[in-house]
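Line by line, the protein sequences give chains H and V.
Quick note: the first sequence, position 53, residue 53 per the numbering used here, numbers continuous.
Quick note: the second sequence, position 39, residue 39 per the numbering used here, numbers continuous.
To be clear, the hints were calculated from the coordinates, so they are not data collected in a lab.
All of these numbers come straight from a predicted model, not from anything done at the bench.
Worth double-checking, as some hints may not be accurate.
[Stated by the list, open to error] 16 Å max Cα-Cα, derived EDC-like pairs, lysine to aspartate or glutamate:
| id | chain 1 | residue 1 | chain 2 | residue 2 |
| --- | --- | --- | --- | --- |
| 1 | V | Lys183 | V | Asp94 |
| 2 | V | Lys183 | V | Glu198 |
| 3 | H | Lys28 | V | Asp187 |
| 4 | V | Lys265 | V | Glu198 |
| 5 | H | Lys83 | V | Asp94 |
| 6 | H | Lys27 | V | Asp94 |
| 7 | H | Lys84 | V | Glu276 |
| 8 | V | Lys42 | V | Asp31 |
| 9 | H | Lys28 | V | Glu276 |
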Amino acid sequence: MFDQYATLTIIGVIILLIGIALYAARKKGGLMLTLIGGLWLFTMGLYYGLVATKLYGSRSILLNVIGIIILIVGATLSIVYIKKYLGQAKR
Amino acid sequence: MSSGKSSTALWAVTFVIAALFIAFLLYIGIDIITKGLGNPSKWLITQPFVLLGATTWFIIGGILWALGTVLFFMELLGWTIRGGRLVRQVIRWDPVDVSIVALTAAVYGGALAATGGIPIIPGFTWIRPANALAPLFGVLFGIPGALGTAIGNFIADALSGYLSVGSIGGFIGNFIIAYVPYKLMRDQTFRTPRSIVEFYVWGVIIASVWCSLYISWWLDALSPVIGLPSQFVWGFFAPWVIFNNAFITAIVSPILGYILYPPIKARGLHWTDRVEFK
Chain H
1 MFDQYATLTI IGVIILLIGI ALYAARKKGG LMLTLIGGLW LFTMGLYYGL VATKLYGSRS
61 ILLNVIGIII LIVGATLSIV YIKKYLGQAK R
Chain V
1 MSSGKSSTAL WAVTFVIAAL FIAFLLYIGI DIITKGLGNP SKWLITQPFV LLGATTWFII
61 GGILWALGTV LFFMELLGWT IRGGRLVRQV IRWDPVDVSI VALTAAVYGG ALAATGGIPI
121 IPGFTWIRPA NALAPLFGVL FGIPGALGTA IGNFIADALS GYLSVGSIGG FIGNFIIAYV
181 PYKLMRDQTF RTPRSIVEFY VWGVIIASVW CSLYISWWLD ALSPVIGLPS QFVWGFFAPW
241 VIFNNAFITA IVSPILGYIL YPPIKARGLH WTDRVEFK
């Protein structure tokens, strides 16, 4: 039986491992692939977490709240990091 | 004096084009509401799909799928088409580019999930207001923005209960929404009539249609696994995705682009300041 979610998880692991290998070898794009793999697996973790809590596929308002949290935390962390990096680059 | 007049005339024409286009999309929306969600075969936007049939659209979708997939991998591998030639593009993929991917993924995915399931047309269905961000992220940030859009959609699929192998199609399909205006708009400032018209052509019409056909083909091709019948994919999903993307993008994106372009350009984060071509 074809397990869609196991397949998606394996794809995420493969992308992450390739990314880490390229990053370790100081090859360009390693960081990008590591990020894609990481966020892919973050999504799979989110999926398994929602299934375990029986929230997956429900119309719970909690899912909207999680979306708002991802938006605020993700955007804030990224903007802080970009500002910090651009500040360092100027110096 | 005459240059000022012609500029005003050009702006007037642009506003008329935009207003007519938005009015047309509103008409399509009203047509869908009037005929009912249960009657997709009667919708105006579905007629080209009814007329040509699922097989024809499967072939057209297949061609666009192949082209989109090749472009996706080509761009990520550092190659692009510029001036009709295949050239190397040097994206730094430094911490700033990686942060841009994370930023756009979080904002797009978070915004899609935050507004998911909220009925915009009460008792009928909902639209995705965050769709307006997808073409903008491409125009502003280039490939890192397009990649963030793809990841954001993947995250939103998990939160909205639509995660499946079909999401791989959604991943590249959303990359395409951002990629098309990034690659094909010549004036990306949102400050000239040309820029606005170009956005409507590439960012609203072509990107929405290509994204929809890309995902639809993938869903149809994988129907034995995903379980969606062809008639549903081409008779409901494809036209609905085109409308859903085009509607909100046509209204909100040019305004957001006008607001966001100056601060992003001033901070050196616009893709034109970060990519080199060899």
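Handout entry: 16 Å Cα cutoff - pair V:Lys42, V:Asp31
Key = Satisfied, since the Cα-Cα distance of roughly 9 Å is no more than 16 Å.
Handout entry: Satisfaction of hint between V:Glu276 and H:Lys84, Cα-Cα up to 16 Å
Key = violated, 23 Å
Exercise for the section: Compare the distance between the alpha carbons of H:Lys28 and V:Glu276 with 16 Å, and conclude whether the hinted pair is satisfied. Expected result: Between H:Lys28 and V:Glu276 the Cα gap is close to 15 Å, so the pair holds against 16 Å.
Practice task
Given the hint that V:Lys265 pairs with V:Glu198, test it: the Cα-Cα distance must not exceed 16 Å.
Solution key: violated, 19 Å
Handout entry: H:Lys28 paired with V:Asp187 [C-alpha distance capped at 16 Å]
Key = Cα-Cα ~30 Å, so violated.
Problem - Agreement of V:Lys183 and V:Asp94 with the hint, judged by alpha carbon distance not exceeding 16 Å - result: The hint is violated at about 21 Å.
Exercise for the section: Mind checking the alpha carbons of H:Lys27 and V:Asp94 for me, to see if they're no more than 16 Å apart? Expected result: holds, 12 Å
Problem - Pair hint outcome, H:Lys83 versus V:Asp94 [Cα-Cα no greater than 16 Å] - result: Satisfied, since the Cα-Cα distance of roughly 14 Å is no more than 16 Å.
Practice task
Would you mind confirming whether the straight-line C-alpha gap from V:Lys183 to V:Glu198 stays at or under 16 Å?
Solution key: holds, 11 Å
This entry does not satisfy hints 1, 3, 4 and 7, going by the numbered hints stated previously.
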